[in-house]
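S.K.: Anchor point for the sequence shown: position 287 equals 289 in this note's numbering, and the numbering is continuous, going up by one each time.
With a cut-off of at most 20 angstroms between alpha-carbon atoms, the simulated SDA-like pairs for lysine to any residue come out as follows: (1) K381 / V53; (2) K104 / H63; (3) K360 / E110; (4) K47 / E374; (5) K89 / E76; (6) K310 / G337; (7) K265 / H298; (8) K89 / S208; (9) K310 / L282; (10) K60 / S99.
FRET-style restraints, in silico, Cβ to Cβ: (11) Y46 / K131: 27 to 37 angstroms; (12) D126 / E327: 42 to 52 angstroms; (13) K47 / S187: 35 to 45 angstroms; (14) D257 / V417: 55 to 65 angstroms.
Honestly, the hints are just simulated from the structure, not real lab data. Please read these numbers as outputs of a predicted model, since none were measured by experiment. Just so you know, even glycine gets a beta-carbon here, dropped at the ideal spot from N, CA and C.
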Amino acid sequence: MILSFNNKKISQIMKTLSLFCGAAALAFSTSMLPTSVSAAQTLYKPFPADVMPSLSEKGAHVVGVKTIEATYPEKVKDIAGNDVERKLTLEVWYPASSAAEKATYVNETRSGQVFEIEADASRDAPIAKAESSYPVIVISHGYTGYRTLMYYLGEHLASHGYVVAAIDHTDSTNKDVNFAENPYSGFPSTLLNRSRDQVLTLNSISEHEFFRDSVDASKAGVIGYSMGGYGAVSTVGGCYAFNDQAAATFTGTQDPKVAALIKDVLNTCAGGNDSGKDVLPAWKAALALAPWGGQHQLFDVESLNNIKVPVLYVAGDNDDISGYEGIKWLFENTGSEGSKLLTIKNARHNVAPHPAPKEAYGSEFDLGSYIEPAWEVQKLNAINEHFALALMNCHVKGLKDDCEYLNVSGSSAQVPVDGKKPEPWKGFDDRWALGLEMDSK
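Starting from the given sequences, assemble the full structure and let the hints guide the process.
M.R.: Written out as C-alpha coordinates, the structure reads:
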(Lines of atoms letter the chains of each structure in order from A and count residues from 1; the text may use other names and numbers.)
(Lines give C-alpha, C1' and ligand atoms only; values in the text may rest on other atoms or scores of the structure.)
Protein backbone atom coordinates (compact mmCIF):
# COMPACT_ATOMS: atom_id res chain seq x y z
CA MET A 1 0.00 0.00 0.00
CA ILE A 2 1.61 3.28 -1.11
CA LEU A 3 0.47 6.64 0.25
CA SER A 4 0.49 9.45 -2.28
CA PHE A 5 -0.37 13.13 -1.91
CA ASN A 6 -1.89 15.68 -4.25
CA ASN A 7 -2.04 19.43 -3.84
CA LYS A 8 -5.59 19.43 -2.51
CA LYS A 9 -4.77 16.85 0.15
CA ILE A 10 -1.59 18.65 1.06
CA SER A 11 -3.65 21.81 1.55
CA GLN A 12 -6.10 19.96 3.78
CA ILE A 13 -3.39 18.45 5.91
CA MET A 14 -1.45 21.69 6.17
CA LYS A 15 -4.61 23.42 7.36
CA THR A 16 -5.06 20.74 10.02
CA LEU A 17 -1.44 20.71 11.07
CA SER A 18 -1.27 24.48 11.24
CA LEU A 19 -3.27 24.00 14.43
CA PHE A 20 -0.41 21.89 15.78
CA CYS A 21 2.48 23.88 14.43
CA GLY A 22 1.21 27.42 14.10
CA ALA A 23 1.18 29.40 10.88
CA ALA A 24 4.88 29.95 11.32
CA ALA A 25 5.45 26.37 10.22
CA LEU A 26 4.61 27.35 6.68
CA ALA A 27 7.26 30.06 6.68
CA PHE A 28 9.87 28.08 8.55
CA SER A 29 13.28 28.55 6.97
CA THR A 30 15.60 25.71 6.05
CA SER A 31 18.43 27.91 7.29
CA MET A 32 17.32 27.28 10.88
CA LEU A 33 19.61 24.35 11.61
CA PRO A 34 20.39 22.73 14.99
CA THR A 35 22.87 24.66 17.07
CA SER A 36 25.38 23.39 19.59
CA VAL A 37 23.96 22.75 23.04
CA SER A 38 24.66 25.28 25.78
CA ALA A 39 25.11 24.61 29.48
CA ALA A 40 22.26 22.92 31.34
CA GLN A 41 19.63 25.40 32.50
CA THR A 42 17.16 25.44 35.39
CA LEU A 43 13.61 26.21 34.31
CA TYR A 44 11.86 26.66 37.66
CA LYS A 45 11.79 29.55 40.13
CA PRO A 46 11.72 29.02 43.92
CA PHE A 47 8.13 30.07 44.62
CA PRO A 48 7.01 29.86 48.27
CA ALA A 49 4.93 26.78 48.96
CA ASP A 50 1.89 28.81 50.05
CA VAL A 51 1.18 30.04 46.52
CA MET A 52 1.20 26.56 44.98
CA PRO A 53 -1.28 23.69 45.51
CA SER A 54 -0.27 21.40 48.35
CA LEU A 55 0.15 18.18 46.36
CA SER A 56 2.68 19.89 44.11
CA GLU A 57 5.15 19.66 46.99
CA LYS A 58 8.02 17.26 46.36
CA GLY A 59 7.64 13.84 47.98
CA ALA A 60 9.88 12.04 50.45
CA HIS A 61 11.83 9.97 47.91
CA VAL A 62 15.09 10.87 46.24
CA VAL A 63 14.52 10.45 42.49
CA GLY A 64 16.57 8.42 40.05
CA VAL A 65 16.26 8.44 36.27
CA LYS A 66 17.28 5.93 33.62
CA THR A 67 17.02 5.90 29.84
CA ILE A 68 16.02 2.54 28.35
CA GLU A 69 14.89 1.10 25.03
CA ALA A 70 11.61 -0.73 24.53
CA THR A 71 11.15 -2.92 21.46
CA TYR A 72 7.95 -4.52 20.23
CA PRO A 73 8.39 -8.29 20.60
CA GLU A 74 7.12 -8.87 17.08
CA LYS A 75 6.89 -6.81 13.91
CA VAL A 76 3.86 -4.53 13.74
CA LYS A 77 1.84 -3.13 10.86
CA ASP A 78 2.59 0.42 9.82
CA ILE A 79 -0.06 2.71 8.34
CA ALA A 80 0.67 1.33 4.86
CA GLY A 81 0.19 -2.27 5.98
CA ASN A 82 3.86 -3.22 5.99
CA ASP A 83 5.39 -5.38 8.72
CA VAL A 84 7.99 -3.25 10.49
CA GLU A 85 10.11 -3.36 13.59
CA ARG A 86 9.31 -0.64 16.11
CA LYS A 87 11.23 0.51 19.15
CA LEU A 88 10.86 3.36 21.62
CA THR A 89 13.19 5.31 23.86
CA LEU A 90 11.88 5.73 27.40
CA GLU A 91 12.92 8.06 30.20
CA VAL A 92 12.06 6.37 33.50
CA TRP A 93 11.96 8.06 36.90
CA TYR A 94 11.82 6.08 40.12
CA PRO A 95 12.41 6.31 43.88
CA ALA A 96 16.16 6.00 44.44
CA SER A 97 18.02 4.69 47.46
CA SER A 98 20.58 7.50 47.34
CA ALA A 99 21.38 10.64 45.39
CA ALA A 100 24.12 10.73 42.79
CA GLU A 101 25.24 13.17 40.12
CA LYS A 102 22.29 15.15 38.79
CA ALA A 103 21.06 14.17 35.35
CA THR A 104 20.46 16.48 32.43
CA TYR A 105 17.89 16.21 29.66
CA VAL A 106 19.00 17.11 26.14
CA ASN A 107 16.31 17.82 23.56
CA GLU A 108 15.56 20.13 20.69
CA THR A 109 12.83 22.58 19.81
CA ARG A 110 10.63 22.19 16.77
CA SER A 111 13.09 24.20 14.69
CA GLY A 112 16.00 22.03 15.81
CA GLN A 113 17.49 24.28 18.48
CA VAL A 114 19.27 21.94 20.91
CA PHE A 115 18.97 22.65 24.63
CA GLU A 116 19.91 21.02 27.92
CA ILE A 117 17.87 21.08 31.14
CA GLU A 118 19.19 20.45 34.63
CA ALA A 119 17.21 17.64 36.26
CA ASP A 120 16.16 17.12 39.84
CA ALA A 121 16.97 13.43 39.50
CA SER A 122 20.12 11.32 39.71
CA ARG A 123 21.19 9.44 36.60
CA ASP A 124 21.17 5.62 37.03
CA ALA A 125 20.98 5.75 40.84
CA PRO A 126 20.06 2.47 42.60
CA ILE A 127 16.33 1.92 42.98
CA ALA A 128 15.05 2.16 46.55
CA LYS A 129 13.77 -0.96 48.24
CA ALA A 130 10.25 -0.70 49.62
CA GLU A 131 7.82 -2.78 51.66
CA SER A 132 5.40 -2.77 48.73
CA SER A 133 6.09 -2.53 45.01
CA TYR A 134 5.78 0.75 43.13
CA PRO A 135 2.86 1.39 40.79
CA VAL A 136 3.68 2.39 37.21
CA ILE A 137 2.67 5.59 35.41
CA VAL A 138 3.09 6.05 31.64
CA ILE A 139 3.51 9.56 30.17
CA SER A 140 2.83 10.26 26.49
CA HIS A 141 3.71 13.52 24.68
CA GLY A 142 1.88 15.29 21.87
CA TYR A 143 2.64 15.83 18.18
CA THR A 144 5.42 16.66 18.11
CA GLY A 145 7.37 16.54 21.38
CA TYR A 146 9.84 14.45 23.32
CA ARG A 147 9.91 12.15 26.31
CA THR A 148 10.94 14.81 28.84
CA LEU A 149 8.35 17.39 27.77
CA MET A 150 6.58 16.72 31.10
CA TYR A 151 9.65 15.73 33.10
CA TYR A 152 8.31 17.72 36.04
CA LEU A 153 5.48 15.17 36.35
CA GLY A 154 7.89 12.26 36.07
CA GLU A 155 10.16 13.58 38.82
CA HIS A 156 7.22 14.63 40.98
CA LEU A 157 5.34 11.33 40.89
CA ALA A 158 8.57 9.36 41.40
CA SER A 159 9.28 11.39 44.54
CA HIS A 160 5.91 10.18 45.83
CA GLY A 161 6.57 6.49 45.22
CA TYR A 162 5.82 5.74 41.56
CA VAL A 163 7.89 4.41 38.67
CA VAL A 164 7.13 6.77 35.79
CA ALA A 165 8.00 5.97 32.16
CA ALA A 166 7.80 8.72 29.53
CA ILE A 167 7.90 7.83 25.85
CA ASP A 168 9.73 9.18 22.84
CA HIS A 169 7.08 8.20 20.29
CA THR A 170 9.09 7.14 17.26
CA ASP A 171 8.19 9.13 14.10
CA SER A 172 6.51 11.80 16.24
CA THR A 173 9.25 13.71 18.07
CA ASN A 174 10.79 17.10 17.30
CA LYS A 175 13.92 15.23 16.25
CA ASP A 176 12.06 12.87 13.90
CA VAL A 177 9.85 15.40 12.10
CA ASN A 178 11.41 18.00 9.80
CA PHE A 179 8.94 20.87 9.78
CA ALA A 180 10.95 22.71 7.14
CA GLU A 181 10.38 20.08 4.48
CA ASN A 182 7.65 17.68 5.64
CA PRO A 183 5.81 18.84 8.77
CA TYR A 184 3.08 16.20 8.57
CA SER A 185 5.37 13.21 7.94
CA GLY A 186 4.85 11.70 11.38
CA PHE A 187 1.12 12.22 11.71
CA PRO A 188 -0.10 8.89 10.25
CA SER A 189 2.24 6.99 12.58
CA THR A 190 1.01 9.13 15.48
CA LEU A 191 -2.62 8.22 14.79
CA LEU A 192 -1.75 4.55 14.62
CA ASN A 193 0.75 4.09 17.42
CA ARG A 194 -0.09 6.33 20.37
CA SER A 195 -2.18 3.83 22.32
CA ARG A 196 -0.11 0.82 21.23
CA ASP A 197 3.05 2.54 22.48
CA GLN A 198 1.46 3.26 25.86
CA VAL A 199 0.57 -0.39 26.38
CA LEU A 200 4.00 -1.55 25.22
CA THR A 201 5.64 0.83 27.68
CA LEU A 202 3.75 -0.59 30.66
CA ASN A 203 4.65 -4.11 29.63
CA SER A 204 8.28 -3.16 29.03
CA ILE A 205 8.69 -1.70 32.51
CA SER A 206 7.18 -4.80 34.08
CA GLU A 207 9.71 -6.98 32.22
CA HIS A 208 12.81 -4.81 32.44
CA GLU A 209 15.57 -6.32 34.57
CA PHE A 210 16.18 -3.10 36.50
CA PHE A 211 12.50 -2.52 37.39
CA ARG A 212 10.64 -5.84 37.33
CA ASP A 213 11.34 -6.79 40.96
CA SER A 214 10.35 -3.35 42.24
CA VAL A 215 7.13 -2.55 40.38
CA ASP A 216 3.55 -3.69 40.63
CA ALA A 217 2.46 -3.48 37.01
CA SER A 218 -1.08 -4.51 37.98
CA LYS A 219 -1.52 -0.95 39.30
CA ALA A 220 -0.95 1.60 36.58
CA GLY A 221 -2.01 4.99 35.32
CA VAL A 222 -1.56 6.79 32.01
CA ILE A 223 -0.99 10.49 31.37
CA GLY A 224 -1.30 11.85 27.84
CA TYR A 225 -1.01 15.35 26.40
CA SER A 226 -2.72 16.33 23.13
CA MET A 227 -2.07 13.33 20.83
CA GLY A 228 -0.91 11.49 23.93
CA GLY A 229 -4.37 12.16 25.37
CA TYR A 230 -5.92 10.89 22.14
CA GLY A 231 -3.98 7.68 22.80
CA ALA A 232 -4.81 7.55 26.51
CA VAL A 233 -8.57 7.71 25.90
CA SER A 234 -8.21 4.70 23.63
CA THR A 235 -5.88 2.90 26.03
CA VAL A 236 -8.57 2.89 28.73
CA GLY A 237 -11.31 1.71 26.36
CA GLY A 238 -12.21 4.32 23.75
CA CYS A 239 -12.45 2.91 20.22
CA TYR A 240 -11.42 5.03 17.25
CA ALA A 241 -14.17 5.72 14.72
CA PHE A 242 -12.50 7.08 11.59
CA ASN A 243 -14.66 7.24 8.49
CA ASP A 244 -13.21 7.12 4.97
CA GLN A 245 -12.98 10.89 4.69
CA ALA A 246 -11.21 11.33 8.05
CA ALA A 247 -8.80 8.51 7.25
CA ALA A 248 -7.95 10.16 3.94
CA THR A 249 -7.63 13.67 5.34
CA PHE A 250 -5.39 12.82 8.28
CA THR A 251 -3.11 10.43 6.42
CA GLY A 252 -2.93 12.20 3.06
CA THR A 253 -4.04 9.45 0.71
CA GLN A 254 -6.03 10.34 -2.43
CA ASP A 255 -7.09 6.79 -3.27
CA PRO A 256 -10.54 5.91 -1.82
CA LYS A 257 -9.66 2.21 -1.68
CA VAL A 258 -6.50 2.96 0.27
CA ALA A 259 -8.44 5.29 2.60
CA ALA A 260 -10.88 2.49 3.37
CA LEU A 261 -8.04 0.13 4.20
CA ILE A 262 -6.34 2.74 6.40
CA LYS A 263 -9.61 3.33 8.22
CA ASP A 264 -9.74 -0.34 9.13
CA VAL A 265 -6.12 -0.22 10.35
CA LEU A 266 -6.80 2.82 12.53
CA ASN A 267 -10.12 1.77 14.03
CA THR A 268 -8.87 -0.17 17.04
CA CYS A 269 -9.39 0.02 20.78
CA ALA A 270 -7.34 -0.25 23.97
CA GLY A 271 -3.85 -0.47 22.52
CA GLY A 272 -4.63 -1.92 19.10
CA ASN A 273 -7.32 -4.44 20.08
CA ASP A 274 -10.64 -5.14 18.42
CA SER A 275 -12.85 -4.17 21.34
CA GLY A 276 -12.98 -1.59 24.10
CA LYS A 277 -13.52 -4.51 26.47
CA ASP A 278 -9.89 -5.53 25.95
CA VAL A 279 -8.56 -2.86 28.32
CA LEU A 280 -5.67 -4.10 30.44
CA PRO A 281 -7.04 -4.45 33.97
CA ALA A 282 -3.86 -2.78 35.23
CA TRP A 283 -5.07 0.66 34.12
CA LYS A 284 -6.68 2.34 37.13
CA ALA A 285 -6.70 6.02 36.08
CA ALA A 286 -6.03 8.31 33.13
CA LEU A 287 -5.09 11.98 32.97
CA ALA A 288 -5.92 13.45 29.56
CA LEU A 289 -4.31 16.88 29.15
CA ALA A 290 -5.85 18.78 26.22
CA PRO A 291 -6.61 15.50 24.39
CA TRP A 292 -7.02 15.65 20.61
CA GLY A 293 -9.71 13.90 18.58
CA GLY A 294 -12.93 14.95 20.25
CA GLN A 295 -13.31 17.98 17.98
CA HIS A 296 -13.55 15.56 15.05
CA GLN A 297 -15.52 12.96 17.06
CA LEU A 298 -12.95 10.31 16.17
CA PHE A 299 -14.15 8.03 18.97
CA ASP A 300 -17.07 5.64 19.01
CA VAL A 301 -19.61 7.03 21.49
CA GLU A 302 -20.72 3.65 22.79
CA SER A 303 -17.15 2.70 23.63
CA LEU A 304 -16.68 6.00 25.48
CA ASN A 305 -19.88 5.30 27.41
CA ASN A 306 -18.44 1.94 28.45
CA ILE A 307 -15.13 3.26 29.82
CA LYS A 308 -14.77 2.08 33.41
CA VAL A 309 -11.46 3.77 34.22
CA PRO A 310 -11.77 7.24 35.79
CA VAL A 311 -10.45 9.92 33.45
CA LEU A 312 -9.50 13.44 34.53
CA TYR A 313 -9.70 15.72 31.51
CA VAL A 314 -7.80 19.01 31.69
CA ALA A 315 -8.61 21.68 29.13
CA GLY A 316 -8.10 25.34 28.42
CA ASP A 317 -11.43 26.95 27.57
CA ASN A 318 -9.74 28.68 24.62
CA ASP A 319 -7.94 25.61 23.29
CA ASP A 320 -7.72 26.22 19.55
CA ILE A 321 -5.89 22.98 18.71
CA SER A 322 -7.83 20.19 20.41
CA GLY A 323 -10.89 22.41 20.75
CA TYR A 324 -12.51 22.97 24.13
CA GLU A 325 -15.92 21.77 22.92
CA GLY A 326 -14.29 18.60 21.60
CA ILE A 327 -12.70 17.89 24.99
CA LYS A 328 -16.05 18.54 26.68
CA TRP A 329 -17.60 16.07 24.23
CA LEU A 330 -15.09 13.43 25.32
CA PHE A 331 -15.80 14.12 29.00
CA GLU A 332 -19.57 14.14 28.61
CA ASN A 333 -19.51 10.80 26.78
CA THR A 334 -17.01 9.07 29.09
CA GLY A 335 -19.04 6.66 31.18
CA SER A 336 -16.88 6.13 34.26
CA GLU A 337 -18.40 7.77 37.34
CA GLY A 338 -15.06 9.02 38.61
CA SER A 339 -14.34 11.04 35.48
CA LYS A 340 -13.98 14.81 35.77
CA LEU A 341 -13.24 17.89 33.67
CA LEU A 342 -10.85 20.53 35.01
CA THR A 343 -11.19 23.70 32.95
CA ILE A 344 -8.39 26.25 32.97
CA LYS A 345 -9.94 29.60 32.21
CA ASN A 346 -8.25 31.78 29.58
CA ALA A 347 -5.84 29.00 28.58
CA ARG A 348 -5.22 27.65 25.11
CA HIS A 349 -3.48 24.35 24.31
CA ASN A 350 -0.12 24.56 26.11
CA VAL A 351 -1.38 23.37 29.49
CA ALA A 352 1.18 20.56 29.88
CA PRO A 353 4.75 21.34 28.64
CA HIS A 354 7.58 22.40 30.92
CA PRO A 355 8.59 26.10 30.76
CA ALA A 356 10.30 27.20 27.56
CA PRO A 357 14.08 26.84 27.43
CA LYS A 358 15.99 29.99 26.52
CA GLU A 359 16.71 28.60 23.05
CA ALA A 360 12.97 28.73 22.26
CA TYR A 361 12.82 32.50 22.66
CA GLY A 362 14.38 33.05 19.24
CA SER A 363 11.12 32.55 17.33
CA GLU A 364 7.37 32.45 17.83
CA PHE A 365 7.39 29.07 16.09
CA ASP A 366 9.42 27.51 18.90
CA LEU A 367 8.11 29.57 21.79
CA GLY A 368 4.52 29.00 20.73
CA SER A 369 4.69 25.33 21.67
CA TYR A 370 5.58 26.11 25.31
CA ILE A 371 4.03 29.29 26.66
CA GLU A 372 0.48 30.42 27.38
CA PRO A 373 -0.67 33.99 26.69
CA ALA A 374 -2.42 34.47 30.05
CA TRP A 375 -0.83 31.94 32.44
CA GLU A 376 2.48 31.42 34.20
CA VAL A 377 3.61 28.04 32.93
CA GLN A 378 5.18 27.06 36.25
CA LYS A 379 1.79 27.57 37.92
CA LEU A 380 0.15 25.33 35.31
CA ASN A 381 2.81 22.68 35.95
CA ALA A 382 2.13 22.84 39.70
CA ILE A 383 -1.62 22.46 39.11
CA ASN A 384 -0.91 19.40 36.97
CA GLU A 385 1.38 17.97 39.67
CA HIS A 386 -1.30 18.48 42.30
CA PHE A 387 -4.17 16.86 40.40
CA ALA A 388 -2.03 14.11 38.84
CA LEU A 389 -0.87 13.01 42.28
CA ALA A 390 -4.40 13.23 43.69
CA LEU A 391 -5.74 11.15 40.78
CA MET A 392 -3.07 8.47 40.98
CA ASN A 393 -3.04 8.28 44.77
CA CYS A 394 -6.83 7.97 44.84
CA HIS A 395 -7.35 5.43 42.07
CA VAL A 396 -4.00 3.67 41.59
CA LYS A 397 -2.75 3.45 45.18
CA GLY A 398 -6.23 3.49 46.69
CA LEU A 399 -5.48 6.30 49.17
CA LYS A 400 -9.06 7.40 49.76
CA ASP A 401 -8.16 10.52 51.73
CA ASP A 402 -6.48 11.90 48.62
CA CYS A 403 -9.70 11.50 46.65
CA GLU A 404 -10.92 14.59 48.51
CA TYR A 405 -8.50 16.74 46.51
CA LEU A 406 -10.48 15.72 43.42
CA ASN A 407 -13.88 16.32 45.02
CA VAL A 408 -13.94 20.04 44.34
CA SER A 409 -16.62 21.59 42.19
CA GLY A 410 -17.64 24.69 40.35
CA SER A 411 -15.36 27.71 40.28
CA SER A 412 -12.19 28.08 42.32
CA ALA A 413 -12.55 31.87 42.42
CA GLN A 414 -14.16 32.10 45.90
CA VAL A 415 -16.70 34.66 44.70
CA PRO A 416 -18.73 35.76 47.76
CA VAL A 417 -22.23 34.34 48.09
CA ASP A 418 -24.63 36.39 50.21
CA GLY A 419 -21.65 38.36 51.44
CA LYS A 420 -19.70 35.28 52.56
CA LYS A 421 -16.54 34.13 50.78
CA PRO A 422 -16.42 30.35 50.15
CA GLU A 423 -13.55 28.26 51.49
CA PRO A 424 -10.75 27.62 48.99
CA TRP A 425 -10.52 24.32 47.15
CA LYS A 426 -8.91 21.60 49.23
CA GLY A 427 -5.15 21.81 48.80
CA PHE A 428 -5.12 25.50 47.83
CA ASP A 429 -4.44 28.45 50.11
CA ASP A 430 -6.97 31.25 50.39
CA ARG A 431 -6.96 33.44 47.23
CA TRP A 432 -4.54 31.17 45.32
CA ALA A 433 -6.95 28.98 43.33
CA LEU A 434 -8.13 31.39 40.67
CA GLY A 435 -9.13 30.55 37.13
CA LEU A 436 -10.15 26.91 37.53
CA GLU A 437 -13.47 25.09 37.26
CA MET A 438 -14.23 21.44 38.01
CA ASP A 439 -17.13 19.42 36.59
CA SER A 440 -17.96 15.87 37.66
CA LYS A 441 -20.17 13.13 36.26
